[in-house]
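Between the sequences and the hints, there should be enough to build the whole structure, so can you do that?
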Amino acid sequence: MSVAAPDLVRELTGLAAALRRAGVGVPSAGVATTVDALAALGTPDRSATYWAGRLTLCSGPDDLGVYDQVFDLWFSRAEWAGDVHRGTVVPTYRDAPEHGDEADAASEEARTAPPTASRLEVLRHRDVAELEADDRRLVHTLVRRLALRPALRRARRARSSTRGRTDVRRVVREAVRTGGEPVRWHRRRAGVRTRRVVLLLDVSGSMRRYAETYLLLGHALVRSAPGSEVFSIGTRLTRLTGALGAGDPQRSVEAVAQRVADWSGGTRLGDQVKAFLDGWGCRGLARGAVVVVLSDGWERGDATLLGEQMARLQRLAHRVVWVNPNRARPGYEPATAGLRAALPHVDAFVDGHSLAALEALVDEIARGGRRA
Amino acid sequence: MDGPQDVAELVRRLDEADHLADEGTATAAWLAWRTQRPLLLEGEPGVGKTSLATALAQVLGRDLVRLQCYEGIDAAAALYDWDHPRQLLHVRALEAAQRDARSSGGDARDDRAALDVDALEGELWSRRFLLPRPLLASLERPSVLLVDELDRADDEFEAFLLEVLADFAVTIPELGTVRAEVPPVVVVTSNRTREVHDALKRRCYYHWVEHPDLEREIAIVRRRVPQADAALVDGVARVVARLREEDLLKPPGVAETIDWARALHELGATRVDVATAARTLGAVVKYREDQQRIAASLARLVEGPA
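Here the protein sequences line up with chains P and X, keeping their order.
Each residue of the first sequence is one higher than the one before, starting from 83 at the first, in this note's numbering.
Each residue of the second sequence is one higher than the one before, starting from 73 at the first, in this note's numbering.
Read the hints as simulated data drawn from the structure, not as lab findings.
Careful: at least some of the hints might be erroneous.
The calculated EDC-like cross-link candidates involving lysine to aspartate or glutamate, where the alpha carbons are at most 20 Å apart (straight line), are [claimed, not checked]:
#  : chain 1 : residue 1 : chain 2 : residue 2
1  : X       : K358      : X       : D319
2  : X       : K358      : P       : E390
3  : X       : K322      : P       : D217
4  : X       : K322      : X       : D362
5  : X       : K322      : X       : E116
6  : X       : K358      : X       : E318
7  : X       : K358      : P       : D249
8  : X       : K358      : X       : D155
9  : X       : K322      : P       : E390
10 : X       : K322      : X       : D270
11 : X       : K358      : X       : D301
12 : X       : K322      : P       : D330
13 : X       : K322      : X       : E361
14 : X       : K358      : X       : E328
15 : X       : K322      : X       : E282
Shown next as structure tokens:
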């Protein structure tokens, strides 16, 4: 630590703080590592400082763009540094989630009267978009408690079992103990693992009334099935998994609201599904997963693109489930161009307007364990 | 410490080992070696993450120990395992020998038999019957440990790996602790099919490997396919650079550029033209959708902007 000049330590600490303000998750031990790295590099010139910082303070490709910006600003700052210290200027590449005051959320919940069974039964089947505020709150409490049971797949690792192939290694291992005589005959067979569940959540204007309910569903998913992922699609793709990880659903939903830039904007489903596949799906996120698209299929862009991308998605994923809240309306026909293009490439097309429908969706996700 | 004195020298030495590293990658490698901290490399497939580790081993004069991760990899596959069949055979052989001794030497003494059991146990759980897997092997001699495609392994394995990398020591209950005299240089690669855990990232230098720029790519291909015509290599690199600008499912990596240059050279080409490019497109564009998309604009891509 003592090798680097003391003012350099201060500069680097400042750089790390500026990065944190810009939304980069700099680990608390990060700066010490940077200083060590810089000391090991010898002369702390601009290039050495840049790389020492980048190698130790960043932890993902998303961070690199922010880092370049912040680094430039930090080390070529004049009046800028003061502004950062005062907090009047914050690099706005990414939205850092801020925690608001949640004190009144709890008291509101306490006010809600205990619901009766029959009222619940009625509410379960009502369209959430048409509920009064009180009822909606109650339904949301129940949505939060939905525990997703992901579908299963065959695991690579075998588990010991009473049936299956002979576990030669174990038999021999135990035989050593008994002087070379195999006494018990062990067997093993393939275990099972859960499939990843990926939610693609349409947050465009036409889906606005369901957005909160679906976000709570996303929260329940991330909390109950580790490894699940939630993305919002609208005019741009946003990964929500991290923001939804907080224990308190309300806080999660608020963190998400800050992250999503295009609440109730238009929809370019085809582009967004493509962005998802290019950025995440192709790299393995969607491979073998159960992908659930929650959207009404209103497509501003070209529906052909959506069709192509859904075909691609279906080839990668284990199952594709499309949830449309409008499907339960009397006399509903999948008339939107986007939906018509997408449906041939979907394994299941289900309702999503009520609590009962969401419960059915949970079953749908767990269903069809293995596709031939 | 032996080896390169500074980053510039490392770049030069890597160059001699046929790996053309940019400044960032070389700095990262140098720091990983000097400060004994693992290096986490991420980047598109085919940008040379694995080959950096190979070249680094060559430069530092160490063995390369490679641990390829896969789903379900466990300690027995990564760390060590006991050679049970050999142990069993050993027990049986000793038994047979003892029986022989007993039949020829008259009555057996009880205490001698008891002694044998103790000795035998110690012998069975000795280094002789231990099968070192990559992690243990990398601790036993100076090496460069390449943990390839960590994102394929499970979360639990990551935690286990962290434990080993924290103090470069492994405790084997039957044998004791094996500590690395010379800590291995650890290079971990990931293709980002899932996010590597934060705890691991915290303990590593993080480096995102970019596609090389045009000049570097030309130099790399020249080095790897020295028999090819200079104009051909130049053209191939340019077309590939343009292909990366196209909206492809899988933009070609450096490995593809090398394959393509080699393929074209084998066909006797001295420059890239549309006809040969169309015939050999499979070397560089590997999705049917991409090929269809490229087919229409191939002439433009090959000829380049007028």
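Verification of the supplied hints:
1. X:K358 <-> X:D319: Holds: K358 of chain X and D319 of chain X sit about 14 Å apart, inside 20 Å.
2. X:K358 <-> P:E390: 18 Å, holds
3. X:K322 <-> P:D217: 48 Å, violated
4. X:K322 <-> X:D362: This hinted pair holds, its Cα atoms lying about 8 Å apart.
5. X:K322 <-> X:E116: Holds, because 9 Å separates the two Cα atoms, which is no more than 20 Å.
6. X:K358 <-> X:E318: At roughly 14 Å apart (the allowed maximum being 20 Å), E318 of chain X and K358 of chain X satisfy the hint.
7. X:K358 <-> P:D249: Violated - the C-alpha atoms of D249 of chain P and K358 of chain X are around 40 Å apart, more than 20 Å.
8. X:K358 <-> X:D155: Answer violated: K358 of chain X to D155 of chain X is near 42 Å, above 20 Å.
9. X:K322 <-> P:E390: 16 Å, holds
10. X:K322 <-> X:D270: Roughly 27 Å between the alpha carbons, so the hint for K322 of chain X and D270 of chain X is violated.
11. X:K358 <-> X:D301: 24 Å, violated
12. X:K322 <-> P:D330: 39 Å, violated
13. X:K322 <-> X:E361: Holds, because 10 Å separates the two Cα atoms, which is no more than 20 Å.
14. X:K358 <-> X:E328: With Cα atoms ~9 Å apart, K358 of chain X and E328 of chain X stay inside 20 Å; holds.
15. X:K322 <-> X:E282: 15 Å, holds
In the structure shown, a violation is registered for the earlier hints numbered 3, 7, 8, 10, 11 and 12, in ascending order.
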